[in-house]
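There are 2 protein chains.
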Amino acid sequence: MDDVSFPKGFKAWGLACGIKKNGKPDLGVLVSEPPAQVFSAFTRNAVKAAPVLYDQKVAAAGGRVSHVLVNSGNANACTGARGYQDVTAEVAHLREAAAPKGQVMVSSTGVIGEYLPMEKIRAGIARLFAPGETFSPFIHAIMTTDTFEKRSQKSLLLDGKEVRLGGVAKGAGMIRPNMATMLAYLTTDLELDGDYSERFLAAVEKSFNSISVDGDMSTNDTALLLANGASGMRYASLSEPARKAFDEGLRGVMEELAKLIIRDGEGATKLVTIETVGARSVEDAKAVCRAIANSPLVKTAFFGGDANWGRVLAAAGYSGAELVPEKTALEFCGVKVMAQGGALVYDEDDVANRMKAKDVSVRVDLGLGQSSWTYWTCDLSYEYVKINAAYRT
Amino acid sequence: MDDVSFPKGFKAWGLACGIKKNGKPDLGVLVSEPPAQVFSAFTRNAVKAAPVLYDQKVAAAGGRVSHVLVNSGNANACTGARGYQDVTAEVAHLREAAAPKGQVMVSSTGVIGEYLPMEKIRAGIARLFAPGETFSPFIHAIMTTDTFEKRSQKSLLLDGKEVRLGGVAKGAGMIRPNMATMLAYLTTDLELDGDYSERFLAAVEKSFNSISVDGDMSTNDTALLLANGASGMRYASLSEPARKAFDEGLRGVMEELAKLIIRDGEGATKLVTIETVGARSVEDAKAVCRAIANSPLVKTAFFGGDANWGRVLAAAGYSGAELVPEKTALEFCGVKVMAQGGALVYDEDDVANRMKAKDVSVRVDLGLGQSSWTYWTCDLSYEYVKINAAYRT
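Here the protein sequences line up with chains A and B, keeping their order.
Everything in the first sequence is counted per the working numbering, starting at 494 for the first residue and increasing by one.
Everything in the second sequence is counted per the working numbering, starting at 494 for the first residue and increasing by one.
Derived from the structure by calculation, the hints contain no laboratory data.
Where a beta carbon is used, it is the ideal one built from N, C-alpha and C, also for glycine.
Take the hints with a grain of salt, since some may be wrong.
To give an idea of the chain B side of the interface with chain A (calculated C-beta under 10 Å), a few residues [to be verified]:
| # | residue |
| --- | --- |
| 1 | Leu508 |
| 2 | Ala509 |
| 3 | Ala539 |
| 4 | Phe641 |
| 5 | Val706 |
| 6 | Thr766 |
| 7 | Val770 |
| 8 | Gly771 |
| 9 | Val775 |
| 10 | Thr793 |
| 11 | Tyr811 |
| 12 | Thr821 |
| 13 | Ala822 |
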């Protein structure tokens, strides 16, 4: 079973309709009965794929969503007016095949600059709702170069009743042959009002927007939260501790998925947690995390197991955040290596051993204020270059 | 002869004083007689090395400069108050040894977080001005992991009289074992008034600030222009065409040095010229160039000889510049591959052949305005990862 169908009222499945040449699943659908309140976050790239443009309109219109159709193998990006028409045609095919009770959203991921094979997709949609068909898990239908499934689920007891959370994601950096995508689908059977949007976006900021494989941002990035109320519980009626427990549970599922994406980062051998504390503002803390996470010098040093505090300090220095070297301190994997802008004496062998682990960390204390942020990235390896230097085939 | 001593009144030389363990030259001096008006540009990193902080004070005070002392092998960065005292001590030693007629500036490049070996430097400074010593070229004394010399010189005929320009630079990315540095020294025997600073900074923007090996910015980056008037010519007295010829000549020397740094970029196999035209503003054009130049996905694609327009478009899309996919066009090595946001039909073999050259290019036409910018970067290879992943030794 897919983790997105763990909450009540959700179903999800997929099949292979021939978009991918290798015959793997490439078309999936997530269905909510009753239709769900939807919360969304899309790529901020000025170049947005057709399905993103379409979903933004659906989200803006505000109706409840019953179906999310996803294909892999083709991103329907950089396809102009015809690409957008293809999305509306997909929705029309789905309306014909499934008579949805709510709105329909669409996601695509895969090669860019090519038109969708609409005949295959039309036939695939019909088969998705045909009796007697055999289906694959939804999560397989959304994967591209992912080497493992990213899934998470949680059962919460809120004011004495069970509420469920589920989520799946795909993404492993911007992927060969072109730019691919982070797609994430979160589901819950709690009823959420429209004003939950702010909390959802804050959770996106702390999870999917706080990871970086290579600093590149795709044209198709999408995160959707569907809340259908099938548990009979409503966020607005919960006690304050129960609301906090739900917020924390949702953030936890999203953080877990985000970290799984990093673990599957192209060529990644390590998950690097970057924590910035003591910043004058949250924006400063984020800027320092982001500069460190995107520095090729820092990332290659992590690949080499090198506690290279000079590179980390230099990245923090050009992040744009307020930084005073004499007040700055650095830790690698829990060991203080620099304070007040200068090197400390530490056990180099001990740190070198800690840096060999699959989970490593760097902590920057700016010593200027109370704000902090946490970010996740991976190292930069030979394999990353190999994957991305290969000619499109 | 060093190219910085090509203009009249300049001398430059170096020697090995033992900072570098391999016995290579590591201490050099550039002398101007008469002392020179100095124009400077320093790293914008919040973490600045001690010599940068010192030179900024000298530049702000505004006196003419007769000596620039440079060491390699140790960056005197992240060395706090003691590091700054060491710079003042270096200046005092030089004053003792050479009785300079003007101000003294100091640069350092190499390992960070270690104090300068002041006894070696003190002895080295004395030897630099001792009779009977044998010297190495200045340019060798400033090199770290550079694999070749970066030098340029030009003779200009301005209003019928000769004026000379010279320059040397070092830098090959932020270099093992820690962050190293772009250092550039430009000289001319033309007399320049203080208000030339704006033009110098504009030329820096178009050369050293328009290159990127890996997007990292060092603590020690320094570009100095020394103008001593030894030609008997003065910029303020030149005809308008002669002034333009000088501006262009200076910019040309700086651009040549900047490109040489990129050619020597860590692991670089190609020089990539990135041109953005049709932007709404110069800032937008620069932002697009910078995003493309720093994208690991674009850089690995160039290493692989792949005209991957999707990655280039995506990088342009997240650059923050105004961009409308339907108005955007892309060229690789002179061949149009995308227009109006969609793929064009082109001869893939032809483009693949062109992408095999050592000099390749990408051109983005945003189709929105008249502003443009040019930027240079290198590809991202296995060798870059190898160089930077190796543990500090």
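Tested hints:
no.: 1; hint: Leu508; in the structure: violated, 27 Å
no.: 2; hint: Ala509; in the structure: violated, 24 Å
no.: 3; hint: Ala539; in the structure: holds, 4 Å
no.: 4; hint: Phe641; in the structure: violated, 22 Å
no.: 5; hint: Val706; in the structure: holds, 9 Å
no.: 6; hint: Thr766; in the structure: violated, 19 Å
no.: 7; hint: Val770; in the structure: violated, 17 Å
no.: 8; hint: Gly771; in the structure: violated, 15 Å
no.: 9; hint: Val775; in the structure: violated, 18 Å
no.: 10; hint: Thr793; in the structure: holds, 4 Å
no.: 11; hint: Tyr811; in the structure: holds, 4 Å
no.: 12; hint: Thr821; in the structure: holds, 8 Å
no.: 13; hint: Ala822; in the structure: violated, 12 Å
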